[in-house]
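The lines below spell out each chain.
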Amino acid sequence: MSFGIPFFPQEASSEAGQVDALFYTLLAFSVVLGLALTGLVVGYAVKYRVGSKADRTGKRSRSLPLEMSWTIASLVIAFIFFGWGATLFVRRDHPPADALEISGLGKQWMWEFRQPGGQREINELHVPVGKAVVVSLAAQDVIHSFYVPAFRIKQDAVPGRTTHIWFIATEPGRYHLFCAQYCGTQHSEMGGWVTAMAPEQYAAWLNSQGEGETLAASGEKLFRALGCSGCHGASSKVRAPSLDGIFGRPVALDNQQTVIADERYLRDSILNPKKEIAAGYEPIMPSFDGLIDEGELQMLLAYLKSLSPQPTAGARS
Amino acid sequence: MTNAAMQGTYLGEGSGPRAWLLTTDHKRVAWLYLVSLTAFFFLGGAMAVLMRIELATPAGDLVSDDVYNRLFSLHGIIMVWFFLVPSIPATLGNFLLPLMIGARDLAFPRLNLASWYVFIFGSLFALFSVVAGGVDTGWTFYTPLSTLYANGWVSTAAFGVFIVGFSTIMTGINFIVTVHTLRAPGLTWFRLPIFVWTLYATSLVMVLATPVLAASLILIVLERVFGIGIFNPDLGGDPLLFQHLFWFYSHPAVYIMILPGMGVVSEVLPCFSRRPLFGYKAVAMSSMAIAVFGFLVWGHHMFVSGQSAYAGVVFSFLSFCVAIPSAIKVFNWSLTLRKGEISFETPMLYALFFLALFTFGGLAGLFLASLAVDVHVHDTYFVVAHFHYIMVGGMVTAYMAGLHFWWPKMTGRMYSETAGRIAATATFVGFNLTFFPQFVLGFDGMPRRYHTYPPEFQFWNVLSSAGAVVLAIGYLMPLFYLGWSLFRGARATDNPWDATGLEWQTSSPPPPHNFETMPVVTRPAYAYDMKGLEHERFSPHREEAAR
Numbered sequence: 001m002s003f004g005i006p007f008f009p010q011e012a013s014s015e016a017g018q019v020d021a022l023f024y025t026l027l028a029f030s031v032v033l034g035l036a037l038t039g040l041v042v043g044y045a046v047k048y049r050v051g052s053k054a055d056r057t058g059k060r061s062r063s064l065p066l067e068m069s070w071t072i073a074s075l076v077i078a079f080i081f082f083g084w085g086a087t088l089f090v091r092r093d094h095p096p097a098d099a100l101e102i103s104g105l106g107k108q109w110m111w112e113f114r115q116p117g118g119q120r121e122i123n124e125l126h127v128p129v130g131k132a133v134v135v136s137l138a139a140q141d142v143i144h145s146f147y148v149p150a151f152r153i154k155q156d157a158v159p160g161r162t163t164h165i166w167f168i169a170t171e172p173g174r175y176h177l178f179c180a181q182y183c184g185t186q187h188s189e190m191g192g193w194v195t196a197m198a199p200e201q202y203a204a205w206l207n208s209q210g211e212g213e214t215l216a217a218s219g220e221k222l223f224r225a226l227g228c229s230g231c232h233g234a235s236s237k238v239r240a241p242s243l244d245g246i247f248g249r250p251v252a253l254d255n256q257q258t259v260i261a262d263e264r265y266l267r268d269s270i271l272n273p274k275k276e277i278a279a280g281y282e283p284i285m286p287s288f289d290g291l292i293d294e295g296e297l298q299m300l301l302a303y304l305k306s307l308s309p310q311p312t313a314g315a316r317s
Numbered sequence: 001m002t003n004a005a006m007q008g009t010y011l012g013e014g015s016g017p018r019a020w021l022l023t024t025d026h027k028r029v030a031w032l033y034l035v036s037l038t039a040f041f042f043l044g045g046a047m048a049v050l051m052r053i054e055l056a057t058p059a060g061d062l063v064s065d066d067v068y069n070r071l072f073s074l075h076g077i078i079m080v081w082f083f084l085v086p087s088i089p090a091t092l093g094n095f096l097l098p099l100m101i102g103a104r105d106l107a108f109p110r111l112n113l114a115s116w117y118v119f120i121f122g123s124l125f126a127l128f129s130v131v132a133g134g135v136d137t138g139w140t141f142y143t144p145l146s147t148l149y150a151n152g153w154v155s156t157a158a159f160g161v162f163i164v165g166f167s168t169i170m171t172g173i174n175f176i177v178t179v180h181t182l183r184a185p186g187l188t189w190f191r192l193p194i195f196v197w198t199l200y201a202t203s204l205v206m207v208l209a210t211p212v213l214a215a216s217l218i219l220i221v222l223e224r225v226f227g228i229g230i231f232n233p234d235l236g237g238d239p240l241l242f243q244h245l246f247w248f249y250s251h252p253a254v255y256i257m258i259l260p261g262m263g264v265v266s267e268v269l270p271c272f273s274r275r276p277l278f279g280y281k282a283v284a285m286s287s288m289a290i291a292v293f294g295f296l297v298w299g300h301h302m303f304v305s306g307q308s309a310y311a312g313v314v315f316s317f318l319s320f321c322v323a324i325p326s327a328i329k330v331f332n333w334s335l336t337l338r339k340g341e342i343s344f345e346t347p348m349l350y351a352l353f354f355l356a357l358f359t360f361g362g363l364a365g366l367f368l369a370s371l372a373v374d375v376h377v378h379d380t381y382f383v384v385a386h387f388h389y390i391m392v393g394g395m396v397t398a399y400m401a402g403l404h405f406w407w408p409k410m411t412g413r414m415y416s417e418t419a420g421r422i423a424a425t426a427t428f429v430g431f432n433l434t435f436f437p438q439f440v441l442g443f444d445g446m447p448r449r450y451h452t453y454p455p456e457f458q459f460w461n462v463l464s465s466a467g468a469v470v471l472a473i474g475y476l477m478p479l480f481y482l483g484w485s486l487f488r489g490a491r492a493t494d495n496p497w498d499a500t501g502l503e504w505q506t507s508s509p510p511p512p513h514n515f516e517t518m519p520v521v522t523r524p525a526y527a528y529d530m531k532g533l534e535h536e537r538f539s540p541h542r543e544e545a546a547r
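Protein sequences appear in the order of chains Y and S. The numbering of the first sequence is my numbering, which starts it at 1 and goes up by one. The numbering of the second sequence is my numbering, which starts it at 1 and goes up by one.
Note that these hints are calculated values from the structure, not bench results. Treat the hints with care, since some could be wrong.
Unchecked claim - Which residues of chain S face chain Y? A partial, calculated answer using Cβ under 7 Å:
hint: 1; residue: F128
hint: 2; residue: Y149
hint: 3; residue: V304
hint: 4; residue: G306
hint: 5; residue: A309
hint: 6; residue: S334
hint: 7; residue: L363
hint: 8; residue: P447
hint: 9; residue: D498
What the hints assert, rightly or not - Facing chain S, according to a computed beta carbon distance under 8 Å, are these residues of chain Y, among others:
hint: 10; residue: L22
hint: 11; residue: Y24
hint: 12; residue: L35
hint: 13; residue: V41
hint: 14; residue: P116
hint: 15; residue: Q155
hint: 16; residue: G160
hint: 17; residue: T170
hint: 18; residue: A180
All residues carry an ideal CB built from backbone N, CA and C; glycine is no exception.
Could you build the full structure based on these sequences and the hints that come with them?
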């Protein structure tokens with residue numbers, strides 16, 4: 001920051017410095033190559049302008065060694081940048097196991113978050129510094145994108161599936177939260193602030209918000225209210241699979257296949273139960289498509305996940 | 001323009017509406033396209049100017065959010081499908097392809113005229129959606145926004161794009177057949193000018209990719225009108241499927257938009273350096289490589305879309321691969337200048353500015369192909385700056401280079417060289433002033449398609465808007481001095497730039513059937529270094545005598 005003109009964005013997450021290291025390396029490479037080519041072309045243009053006395057002997061219009069060397073050099077440089085970028089990128093799929101799990105829901109045109117303790121926030125997200133945070137994202141209507149420039153992270157929230165983004169905030173402060181995927185009329189107003197706080201202040205802030213109902217607790221209520229427990233409950237007379245510890249477990253299907261009961265499977269089983277039928281059960285479950293909204297679906301999923309002792313990070317995707 | 005001097009040329013063949021609207025002469029069809037595309041260019045440009053005025057301040061004070069969203073959506077739709085995709089192929093390509101290969105016309109002259117009518121028919125749908133109230137989906141028509149939530153004229157706009165696709169396919173087929181069957185005696189594949197190579201590569205992409213766009217737009221209309229579930233998750237569809245289909249067309253379309261520009265520059269740089277193109281075969285083959293690899297990189301638009309991370313890694317790898325042939329071309333163009341006799345007429349200035357802008361845009365592409373960096377700058381102004389450097393800084397600058405280079409051939413007239421050089425320089429300065437600040441904005445985190453923005457982004461936005469004024473002047477100037485030249489310009493000789501290439505061997509403007517005698521080719525392209533050229537070049541009759 002100089003003279004109030006922003007040039008370099010803030011770095012406020014563990015990811016930011018590493019992304020910037022690659023960015024600035026690319027920038028340095030581009031400046032060097034750009035200047036070298038500009039120098040070459042301008043140099044030629046001046047030296048070999050019409051009427052100049054420059055030596056023009058030894059003209060060539062092809063040179064295999066030269067062409068081979070710049071092709072190979074380009075390949076090597078490209079693969080270095082590819083490897084560097086990809087190494088940082090694949091970590092997106094592997095959040096630390098002890099990460100704080102916050103659910104986020106994008107809808108036209110606001111972000112709604114629920115803390116692990118159930119505290120709800122609109123267009124504001126409070127997170128502790130120094131602790132990994134996973135935001136599981138859903139979208140109510142169209143595609144939105146969760147973007148915090150100071151953290152160098154972005155992830156689309158897509159209707160019909162759950163996506164995840166994780167980060168570790170490193171600097172306390174208030175940072176822009178944007179919606180980066182064009183989502184209709186008030187796209188540019190959809191956003192707010194991420195507030196990163198020291199852990200003790202975060203704890204105090206959570207207390208001041210009052211103990212809300214956790215997402216899983218809301219999900220459990222909904223599970224009864226919608227009548228799910230009538231069939232899936234332990235004392236049920238209807239034969240339906242037990243959901244205890246379902247999340248992350250392999251499920252045998254009636255078509256001889258086996259799937260892992262991840263969020264995708266659970267979501268589909270609620271909205272479109274005929275799609276994948278657990279082996280040995282009649283396809284009698286009704287679809288809840290249109291009866292529950294995306295927020296309620298998130299609650300049900302949180303409840304089902306809470307029935308598993310240790311949700312594994314690997315089952316997330 | 002019909003006067004004594006035009007007698008015996010294609011311009012002397014009648015000047016009434018019938019003579020133009022029912023012509024099958026590729027040179028006249030090129031003019032039909034040129035006039036229509038120029039109108040679309042300035043329509044799309046006017047929308048961009050309104051957006052830049054709006055963005056000069058953080059608050060939304062000039063237009064409402066809905067109007068702003070319609071401006072950028074229509075700017076994109078018009079500029080991509082009604083200007084950039086047909087720009088060089090349908091105007092300069094149409095005019096020059098038969099001339100460059102020594103043919104009397106394209107292989108299917110009536111199909112060529114039909115393609116223009118299909119283009120106009122499709123464009124009426126697009127114009128109707130503008131007048132009727134606009135489209136607010138962005139040019140990308142992402143679902144479910146476009147199918148379920150958009151309140152504009154999505155179906156008409158999409159239908160217009162669908163129809164225009166057929167005109168693209170017709171042009172592509174016509175060019176492919178023409179290059180295969182109508183080359184003059186002696187004009188082997190490796191004697192073809194690079195412009196012909198790039199038109200050929202472009203045509204292949206047009207014919208193979210455009211049907212996928214047509215299919216996906218039809219699927220949108222089916223879902224929007226009949227409620228058939230394809231992309232809507234509530235109906236069992238998948239929104240990401242649309243992105244895959246859309247980018248399977250739209251990424252190759254990027255190469256439809258840039259390859260012909262590369263071809264133009266490959267003609268202009270050798271001519272004004274008086275040197276053969278450096279590494280001719282590598283440049284020709286890299287055009288084909290770009291066309292092939294271009295089909296395999298669509299997923300790099302979707303790194304943060306929810307697509308699997310491993311797919312992201314593969315698409316990133318392939319995207320770096322497609323950078324190699326582009327890099328090869330830049331090195332070859334630069335080396336072409338070595339030991340030349342370089343002069344700086346207007347077309348050469350545009351070509352050199354292309355070289356700079358394309359290089360900057362291409363380098364920015366490396367940032368976007370790098371996965372971790374793309375996560376940050378995806379859907380920000382960094383991407384906007386990148387593709388404008390390629391599409392506008394690259395393609396439009398090359399288009400201007402070509403228009404000035406072949407203008408004497410097309411019209412038989414010269415234009416004011418001073419005005420041309422001023423316009424080229426204004427374009428270069430204005431362009432950088434407009435779009436370089438957008439790289440900084442993107443890195444600082446300003447998302448694209450924002451009607452309002454936080455105040456700390458204002459400095460760079462003001463710079464960008466100021467640049468747009470200079471850029472607009474750079475684009476408006478040719479409208480006047482080229483228009484003046486059309487009626488009052490000095491007569492052009494047959495070969496004012498002393499260039500090689502068959503198109504310069506016939507008269508300016510060419511006769512209705514291009515060549516009085518069938519040319520025979522005995523030399524490679526760009527034989528600027530061969531002795532005795534000056535005596536041979538103007539006398540196709542010698543070739544005839546030799547037969």
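Checklist entry - Looking back at the hints listed earlier, which ones does the structure fail to meet? => result Of the numbered hints given earlier, those the structure breaks are 1, 9, 11, 12, 14 and 17, listed in rising order.
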